Amino acid sequence: MSAESTVAVSTTARAPKSRSPKTRPTRSRTPQLLLIPAILILVLGMGYPLVWQIITSMQEYGLPQQFGQPAPFVWFDNFVTLATDPQLWAVVARSLAFCVITAFLTLGIGTALALLMTAVTKTARLILQVSLLLAWSMPVVAAMTVWIWLFDRRRGVVNYLLDMIPGVEMNRFDWLSTPLTFFIVASIIVIWMSVPFVAFSVYAGLTQVSEEVMEAAQLDGATGIQRLRFIILPLIRPVIAIVLLLQLIWDLRVFTQITMLQDAGSKSGDFDVLGTYIFKLGTSAQDFGMASAVSIFVLALTIAISWFYIRSLLKEDEA
Amino acid sequence: MSRRRVRVGLFSALAIVIALLWVFPVYWMVNSAFLPTAILQSFIPTFFPVRGTLSNFTGALADGTFLSALGMSVGITLTAVFFCIIFAFLAAVAISRFRFRGRKSFVIAVLIVQMLPAEGLFIAQYKMVSSVGLLNSVIGVSIIYIAAVVPFTIWMLKGFVAGIPADLEEAAMVDGLSRFQAFMRITFPLLAPGLVASGVYAFLQAWNEFTVALVLLPAESAHTLPLWLRGFVQASATRETDWGQVMAASTLVAVPVIIFFLIVQGRLTSGLVAGAVKG
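In the order they appear, the protein sequences are chains E and A. With the working numbering, letter number 6 in the first sequence gets 6, and the count goes up by one each step, no holes. Quick note, the working numbering runs 319 ahead of the 1-based positions in the second sequence.
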């Protein structure tokens with residue numbers, strides 16, 4: 001779902017670690033019966049659309065088919081068309097670049113803030129944490145309206161403040177008019193929303209680094225940088241890996257943020273990422289065949305990136 | 320020692336500056352919501368709501384669309400949370416209290432479905448829901464929401480169920496209760512915090528959801544709060560935006576979410592520690 005902030009919380013909100021369950025293999029049908037409602041709703045809400053989408057991605061499914069004409073099977077024609085479409089490649093490249101840059105910046109800033117939390121007084125830490133929590137809890141759509149207002153061409157605070165810097169002419173600068181500045185704004189917003197999750201996760205990891213190890217390193221004469229490089233970072237590597245992975249997945253599927261920035265700026269294709277591209281294919285062009293083909297591509301990409309994460313969760317399940 | 324204290328002081332000051340910077344958009348939303356239109360139309364921003372007014376709120380509410388959107392949001396969210404919790408609870412009990420054939424396939428399927436982005440499925444979901452005439456209805460969206468939220472809720476509840484020792488139930492069974500009775504009288508009450516946490520998670524998901532709602536609720540009369548809020552921004556492209564009203568509207572949408580979020584935050588952060596450090 002799109003609400004990144006809350007997905008973020010929950011993904012790590014794993015309840016107390018399960019002790020190896022005291023369960024025995026059972027011959028009764030109880031467990032299967034208990035699963036029925038969940039399976040039914042998953043099949044209905046996810047499974048059926050997924051299968052329909054795979055089939056449709058191999059059909060010619062445009063306007064005539066919307067009005068009841070049979071959809072001829074074209075097998076992989078849609079994918080071939082897509083693979084040879086420079087516009088799609090531009091969208092893919094843009095999405096990937098946006099995703100990678102934003103995810104790494106988020107990770108960097110989040111980790112820096114987590115380290116900062118360990119180096120400050122209790123009060124300062126609390127203030128920082130409360131502020132991050134408030135940003136984290138903002139609904140995406142509400143956050144977007146505020147950011148669009150902040151970056152407003154004429155009365156936005158951002159232009160007002162930048163313009164006060166001597167020598168900088170930012171009055172009435174239209175951030176959303178060129179793709180580069182558009183995506184810079186998008187990236188700033190996404191980073192603002194996602195950093196709290198990263199900062200809290202990494203901070204949680206840091207508090208697990210034992211005091212004794214750190215003291216021992218200090219006694220051995222390790223400098224701050226050395227302790228960070230050789231002790232802290234290796235110890236929190238698992239957290240960092242998972243957090244980065246989740247950021248990559250979430251930043252690949254930015255939709256709400258881009259759609260709303262397009263509302264306030266331009267809807268031209270130069271401002272599209274994969275999500276908005278599919279949306280336009282499906283709604284404006286009514287080309288469900290092609291839209292499905294791009295969707296399959298997005299799903300495959302997501303599963304490929306998340307496979308590592310899924311595996312780590314599975315390991316936890318078996319533990 | 321004193322050099323160390325200077326450093327802590329400097330870092331603390333830096334932390335507070337960053338905190339102010341980070342919270343600024345949230346503050347700005349509330350600040351603008353209370354400022355009268357005349358002040359907001361000035362080219363010089365006003366940083367404190369000194370001559371604050373509630374007129375933006377009454378303005379945003381005056382239009383009946385807010386209530387209609389609120390009604391849709393409440394209806395969809397309650398439906399989704401209710402069924403999601405029941406379905407997830409049953410499934411969580413199954414996978415954490417039993418070992419059975421098909422368990423692993425189910426767990427893998429749940430984990431994969433959890434990662435599927437709405438952005439990769441909404442065309443198909445639109446087609447499915449529209450073909451049975453459920454566009455613009457609470458039921459259509461709710462089905463998709465439940466399916467989207469149930470996987471993680473199962474995963475979350477599974478941890479809670481497994482955290483309650485089965486020994487407790489077995490002791491009760493020795494005392495003569497049936498397995499079902501033991502579960503309902505012993506384990507279920509202990510699960511309350513877990514059910515609340517998952518309920519809040521499902522609430523936040525459904526309440527904030529934008530993408531699926533955009534596709535499945537095209538009629539303005541069926542808009543949920545996020546779509547209603549977006550309408551303000553869309554309108555701003557063509558005419559002068561009343562930012563005071565937009566910010567008042569955003570505040571109205573955000574406040575319940577922020578309150579809920581802060582209530583469960585403690586539990587969620589302790590969950591973070593438990594979950595995040597394991598490799």
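Warning: the hint list may mix true and false statements.
Restraint ranges, calculated between C-beta atoms of paired labels, are given here [what the hints assert, rightly or not]:
no., chain 1, residue 1, chain 2, residue 2, range
1, E, Gln87, A, Pro508, 27 to 33 Å
2, E, Met164, A, Val515, 43 to 49 Å
3, E, Arg154, A, Glu539, 43 to 49 Å
Some chain E residues well away from chain A (every beta-carbon gap over 10 Å; in silico) [claimed, not checked]:
no., residue
4, Ala119
5, Trp149
6, Arg154
7, Ser187
8, Ala217
9, Tyr309
If you are wondering where the hints come from, they were derived from the structure by calculation, not from laboratory data. This structure is a prediction, so every number in the text was calculated from the model and none was measured. Glycine included, every Cβ here is placed at the ideal spot set by N, Cα and C.
Hints versus structure:
The supplied range of 27 to 33 Å is broken by Gln87 of chain E and Pro508 of chain A, whose beta-carbon atoms lie about 58 Å from each other. Taking the beta carbon of each, Met164 of chain E and Val515 of chain A are about 48 Å apart, inside 43 to 49 Å as hinted. Separation of Arg154 of chain E from Glu539 of chain A is about 28 Å and departs from the stated range, judged on CB atoms against 43 to 49 Å. At the 10 Å boundary, the C-beta of Ala119 of chain E falls inside the reach of chain A, the nearest C-beta of that chain being 5 Å off.
A Cβ of chain A approaches the Cβ of Trp149 of chain E within 10 Å, the least distance being about 5 Å, so the stated non-interface status is violated. Distance check on Arg154 of chain E: its Cβ comes as close as 7 Å (rounded) to a Cβ of chain A, failing to clear the 10 Å threshold; non-interface status is violated. A cut-off of 10 Å between C-beta atoms confirms that Ser187 of chain E is not in contact with chain A; the least separation is 15 Å. Listed as outside the interface, Ala217 of chain E is consistent with that label: its C-beta sits roughly 16 Å from the nearest C-beta of chain A, beyond the 10 Å cut-off.
For Tyr309 of chain E, the non-interface assignment is contradicted: its Cβ lies about 7 Å from the closest Cβ of chain A, within the 10 Å cut-off.
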